[in-house]
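Engineer: Here's the letter readout for the chains.
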Amino acid sequence: MSSVTSETTLGEIIDAHPGVLEVLEEFGIRIDPWTLIALRSSLRQLAEYSAVRRPEELAEAVERYVERDGG
Amino acid sequence: MAGDALKGKQLFEQDEDAKMVSRLAEEVAEAGSGGGIARLGQRAELSRYAAGEIRDVEEIPDDVYREALINLLLQEADSELAGAHGYVPCITMAPSIEEYLAVAMMVKDEFRHARVCYKLLEHLGVDVDERVQSFDFTLRVSDDDLGTARAAGDKRVNIFYYPIRDWYDFIAFNFCMDRGAGHQLEDVLMSSYRPWARVMEGIFKEEMFHIAHGDNWVKRLAADPDSKPKMQAAIDKWFPRTMNIFGRANAPKNRLYREIGLKVRDNQDVREAFAAEVGNRLHEFGLAMPEWVPDWGKIPEEAVFAAG
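Note that the protein sequences, when read in sequence, are chains A and B.
The letter at position 47 of the first sequence is residue 47 when you use the working numbering, and the numbering goes up by one with no holes.
The letter at position 5 of the second sequence is residue 5 when you use the working numbering, and the numbering goes up by one with no holes.
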């Protein structure tokens, strides 16, 4: 990844350097594991991890929402 | 009184589950030797399970597979739920506000694990709400050795009936049981029932955070001469209990589960992998490996799936 600045988002850094969580904890910043996992999962993975029986329905529902929302 | 709670309740043997699974194992063996094929199908069908082709409840071909799967999922779901409740009091045992947060997040994780396991059971037709209301998942008993017994009618692994009494207890439980569960649940990642395997992939990722938490704290408490003896004592208490969760070597039920692809390894292989890793960590942290003398009569035949 390109150089880190104070404006770089955490997601970008974690994707490239997951061990950075230890640095965050030194500053008292604790990231909820599931939130981290969910945000870095595809919709199919997220559905499967959540025991959604028909994962494709989640993607379809999200797609419909995005269309309604003007995406 | 915790001990009185146990005396007042009927003790349920974990091996009650074993009776059902033993029956299934006999049926599978019978099918494999040419009998009972009408009910169970051919060996080729069993190989199909092991190949990991069961992608939905509608593809479950017979009652053998369904019953074994429900049995294992109930064990895991009940253990996750009991584990979450068991961790709740640990939030206030924590030594700092930062650790209140860390333990609270672990509690939340365990409730999530329970929720997704119960969702899989709902797909299989289990009335989960009724089940959750039927049992007291907050129940804890005393430190008296339970042997193979359960202290109630739920299907949690019985280590979850023992109380966690202080921060050292919590860290030792976290260090031993989360790691033990991780070793057990590795097999599920390769389960023939793919919805469970996929759920487990998510759980497994969270459990890695829990294991790291336990390791960091054991290292920290072992490094301080004042806290080291207490940490050692807590490890001495929880390590043998964890060693007892893996079931007996060469158990018929384990063979059944391997036949139908719900498990991969023998119980003893999983136990040894766990013990080796604990030994390495304790050596690294300057702690002694507790002695574990197996009393096979007190170890349930069946290894109970349970994430800590």
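In short, the hints are calculated from the structure, not lab data.
Please read these numbers as outputs of a predicted model, since none were measured by experiment.
Treat each hint with caution, since some may be false.
[To be verified] Here are the computed distance ranges between Cβ atoms for each label pair:
{"id": "1", "chain 1": "B", "residue 1": "E122", "chain 2": "A", "residue 2": "A59", "range": "52 to 60 Å"}
{"id": "2", "chain 1": "B", "residue 1": "R66", "chain 2": "A", "residue 2": "D15", "range": "50 to 58 Å"}
{"id": "3", "chain 1": "B", "residue 1": "S96", "chain 2": "A", "residue 2": "A38", "range": "51 to 59 Å"}
{"id": "4", "chain 1": "A", "residue 1": "A61", "chain 2": "B", "residue 2": "A233", "range": "15 to 23 Å"}
{"id": "5", "chain 1": "A", "residue 1": "A61", "chain 2": "B", "residue 2": "P61", "range": "28 to 36 Å"}
{"id": "6", "chain 1": "B", "residue 1": "V57", "chain 2": "A", "residue 2": "A59", "range": "29 to 37 Å"}
{"id": "7", "chain 1": "B", "residue 1": "E58", "chain 2": "A", "residue 2": "P18", "range": "34 to 42 Å"}
{"id": "8", "chain 1": "B", "residue 1": "S96", "chain 2": "A", "residue 2": "I13", "range": "49 to 57 Å"}
{"id": "9", "chain 1": "B", "residue 1": "H123", "chain 2": "A", "residue 2": "S42", "range": "20 to 28 Å"}
{"id": "10", "chain 1": "B", "residue 1": "H123", "chain 2": "A", "residue 2": "S6", "range": "24 to 32 Å"}
[Claimed, not checked] Below, a sample of chain A positions facing chain B; criterion: calculated Cβ distance under 8 Å:
{"id": "11", "residue": "P33"}
{"id": "12", "residue": "W34"}
{"id": "13", "residue": "I37"}
{"id": "14", "residue": "E48"}
{"id": "15", "residue": "S50"}
{"id": "16", "residue": "R68"}
The beta carbon of each residue, even a glycine, is placed where N, CA and C say it ideally should be.
Engineer: Which hints, by number, does the structure contradict?
Structural biologist: 1, 2, 3, 4, 6, 8, 10, 16
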